[in-house]
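Asks: Just so you know, the protein sequences line up as chains A and B, in that order.
Plus 16 on top of the position in the first sequence (first one is 1) and you've got our numbering.
Plus 33 on top of the position in the second sequence (first one is 1) and you've got our numbering.
Keep in mind that a hint or two might mislead.
Stated by the list, open to error - Here are some, though not all, of the chain B residues that point toward chain A, as calculated from beta-carbon distances under 8 angstroms:
no.	residue
1	Met85
2	Leu87
3	Val349
4	Leu372
5	Leu373
What the hints assert, rightly or not - One side only, chain B facing chain A, incomplete, derived with CB under 7 angstroms:
no.	residue
6	Gly86
7	Met88
8	Ser277
9	Gly332
10	Pro350
Unchecked claim - Every beta carbon over 12 angstroms from chain B, so not counted as near; a handful from chain A, in silico:
no.	residue
11	Gly32
12	Ala46
13	Asp49
14	Ser73
15	Lys114
16	Ala120
17	Ala131
18	Ala134
FYI, nobody ran anything at the bench for these hints, they're computed from the structure.
Glycine included, each C-beta is placed from N, C-alpha and C at the ideal position.
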Amino acid sequence: MSLKYTEEHEWILVNGDVATVGITHHAQDALGDVVFVELPEVGSSFEQKAVAGVVESVKAAADVYMPISGEITEVNEALRADPALANTDPMGAGWFFKVKLSDASQVDALLDETAYSAFAASH
Amino acid sequence: MISVMVLHCPWRNHLSADTSALLNTPLNALHLELGARMVPFAGYSMPVQYPMGLMAEHIHTRAEAGLFDVSHMGQLRLVGTDAASAFESLMPVDVIDLPVGKQRYGLLLTDEGNIIDDLMFVNRGTDIFVIVNGACKVNDIAHIQGRIGAKCQVIPMPERALLALQGPKAVDTLSRMVSGVEKLVFMTGASFNWQGADLFITRSGYTGEDGFEISVHNDHADLFARALLAQAEVKPIGLGARNSLRLEAGLCLYGNDIDTSITPIEAGLNWAIQKVRRTGGARAGGFPGADIVLGQLDGGRTLIRKRVGLIAQERVPVREHVELQNMQGVKIGEVTSGLLGPTANVPVAMGYVDLASAGLGTVVNAIVRGKAVPMTVSAMPFVPNRYYRG
Numbered sequence: 017m018s019l020k021y022t023e024e025h026e027w028i029l030v031n032g033d034v035a036t037v038g039i040t041h042h043a044q045d046a047l048g049d050v051v052f053v054e055l056p057e058v059g060s061s062f063e064q065k066a067v068a069g070v071v072e073s074v075k076a077a078a079d080v081y082m083p084i085s086g087e088i089t090e091v092n093e094a095l096r097a098d099p100a101l102a103n104t105d106p107m108g109a110g111w112f113f114k115v116k117l118s119d120a121s122q123v124d125a126l127l128d129e130t131a132y133s134a135f136a137a138s139h
Numbered sequence: 034m035i036s037v038m039v040l041h042c043p044w045r046n047h048l049s050a051d052t053s054a055l056l057n058t059p060l061n062a063l064h065l066e067l068g069a070r071m072v073p074f075a076g077y078s079m080p081v082q083y084p085m086g087l088m089a090e091h092i093h094t095r096a097e098a099g100l101f102d103v104s105h106m107g108q109l110r111l112v113g114t115d116a117a118s119a120f121e122s123l124m125p126v127d128v129i130d131l132p133v134g135k136q137r138y139g140l141l142l143t144d145e146g147n148i149i150d151d152l153m154f155v156n157r158g159t160d161i162f163v164i165v166n167g168a169c170k171v172n173d174i175a176h177i178q179g180r181i182g183a184k185c186q187v188i189p190m191p192e193r194a195l196l197a198l199q200g201p202k203a204v205d206t207l208s209r210m211v212s213g214v215e216k217l218v219f220m221t222g223a224s225f226n227w228q229g230a231d232l233f234i235t236r237s238g239y240t241g242e243d244g245f246e247i248s249v250h251n252d253h254a255d256l257f258a259r260a261l262l263a264q265a266e267v268k269p270i271g272l273g274a275r276n277s278l279r280l281e282a283g284l285c286l287y288g289n290d291i292d293t294s295i296t297p298i299e300a301g302l303n304w305a306i307q308k309v310r311r312t313g314g315a316r317a318g319g320f321p322g323a324d325i326v327l328g329q330l331d332g333g334r335t336l337i338r339k340r341v342g343l344i345a346q347e348r349v350p351v352r353e354h355v356e357l358q359n360m361q362g363v364k365i366g367e368v369t370s371g372l373l374g375p376t377a378n379v380p381v382a383m384g385y386v387d388l389a390s391a392g393l394g395t396v397v398n399a400i401v402r403g404k405a406v407p408m409t410v411s412a413m414p415f416v417p418n419r420y421y422r423g
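All chains should be modelled from the sequences, with the hints used to inform the complete structure.
Replies: Here's what the structure looks like:
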């Protein structure tokens with residue numbers, strides 16, 4: 017398993033050819049209280065960096081980008097029902113969706129924890 | 034992801050183009066000490082939220098008392114025996130008959146009858162005390178000076194800070210510090226004293242709750258704010274919650290819901306035009322754009338669009354600039370403010386629609402990311418006002 021990050025403030029936990037995606041602590045903190053999420057449809061496919069979802073707080077809306085190309089295998093229905101999970105447990109119960117990777121080589125180019133922390137501190 | 038946020042920021046219209054030249058209010062050090070997240074707004078560095086967060090700040094204000102720094106707003110005085118009649122010539126509002134100690138809502142209009150700014154003014158006997166929007170204050174002062182500067186003195190008051198204390202516990206809190214404020218009723222004001230500092234306090238605000246707005250000299254603002262925050266019921270509230278509170282209260286935000294392309298009648302602000310200034314009144318007309326505004330009010334000119342309240346039938350926030358369509362898929366208007374109301378607990382919005390779609394109960398479609406979200410045209414406020422009228 018490897019945990020990676022994007023410059024769009026998503027995290028991606030890769031386990032074999034399936035990955036779980038969510039927004040980072042930094043992202044939820046910048047957004048504030050999350051009140052709405054729009055999740056992709058299971059079975060739909062997206063290219064890397066395509067918009068796959070939306071996350072909204074009272075004050076702002078932001079797109080959720082696909083960190084990696086692939087097919088959506090599962091979405092977090094609990095998050096849809098209780099969007100505040102993105103604030104209270106962004107790296108755990110507040111996950112957004114799972115993806116079956118179509119190009120595992122994309123993983124290597126993503127940020128590791130150290131690189132992301134440095135990036136987030138300056139953005 | 035975060036880069037998208039500015040595009041959807043409700044205060045985008047007010048963002049200063051040059052962030053290097055931001056001004057600070059007298060409470061800047063206090064905001065930083067409290068851990069506020071600061072953003073550019075109307076040329077000032079202002080707190081958008083404190084560590085408690087927008088949602089909790091909003092709920093706290095409706096339950097207890099919230100302290101807002103609104104020192105970016107413009108304060109000015111009009112002085113002279115002709116000040117009231119001169120000021121009245123700029124607005125469709127009764128200024129002359131406003132009794133001493135009373136406050137009123139006013140609108141500066143262009144010669145086309147569109148809204149330059151909305152404002153509050155008080156007849157203080159010796160002067161007319163005016164509060165205008167921060168983002169508009171430079172233009173407003175130039176406009177007022179240019180139009181009526183020969184008839185009265187127009188005196189900006191940059192030496193004064195402005196605080197708002199809002200919420201059901203505001204009166205208990207403030208009267209503990211400043212005895213007598215409890216005697217004020219909604220839309221009245223008077224001078225008070227706190228530890229040697231003179232305060233001008235009105236019972237009014239921008240949240241729909243009971244509360245006060247307090248004008249205080251810059252030199253005393255920090256101490257006074259700290260004394261308020263030392264009261265158990267009071268928490269600091271940022272601009273984010275200020276926006277969600279005012280929207281639930283059905284109040285317009287200048288730059289979003291009203292601007293120089295909108296008349297008071299299109300905006301549904303007919304209540305702000307007293308009988309004496311309307312057709313048939315003793316001082317009918319005589320303000321910029323009177324033909325257009327009174328024509329729309331009387332029905333002689335066709336009103337094409339109107340501001341309405343909207344509640345979404347699905348739990349999807351509908352924000353400004355979202356297109357509104359009728360059931361036939363024809364564009365009929367646009368949302369000007371919208372968010373998930375923290376107290377209303379549904380997505381609320383206001384926007385402009387064609388007159389045919391403006392009736393209460395009409396269902397229109399908001400097009401959010403290509404999908405139709407049905408919204409019902411609804412009465413405002415979305416959360417009942419709780420003003421203290423005595």
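Asks: Does each hint fit the structure? Answer for all of them.
Replies: Outcome of the hint check:
no., hint, verdict
1, Met85, "violated, 10 angstroms"
2, Leu87, "holds, 5 angstroms"
3, Val349, "holds, 6 angstroms"
4, Leu372, "holds, 5 angstroms"
5, Leu373, "holds, 4 angstroms"
6, Gly86, "holds, 6 angstroms"
7, Met88, "holds, 4 angstroms"
8, Ser277, "holds, 5 angstroms"
9, Gly332, "violated, 39 angstroms"
10, Pro350, "holds, 5 angstroms"
11, Gly32, "holds, 26 angstroms"
12, Ala46, "violated, 5 angstroms"
13, Asp49, "violated, 4 angstroms"
14, Ser73, "violated, 7 angstroms"
15, Lys114, "holds, 19 angstroms"
16, Ala120, "holds, 23 angstroms"
17, Ala131, "holds, 17 angstroms"
18, Ala134, "holds, 16 angstroms"
Violated hints for the displayed structure, listed by number in ascending order: 1, 9, 12, 13 and 14.
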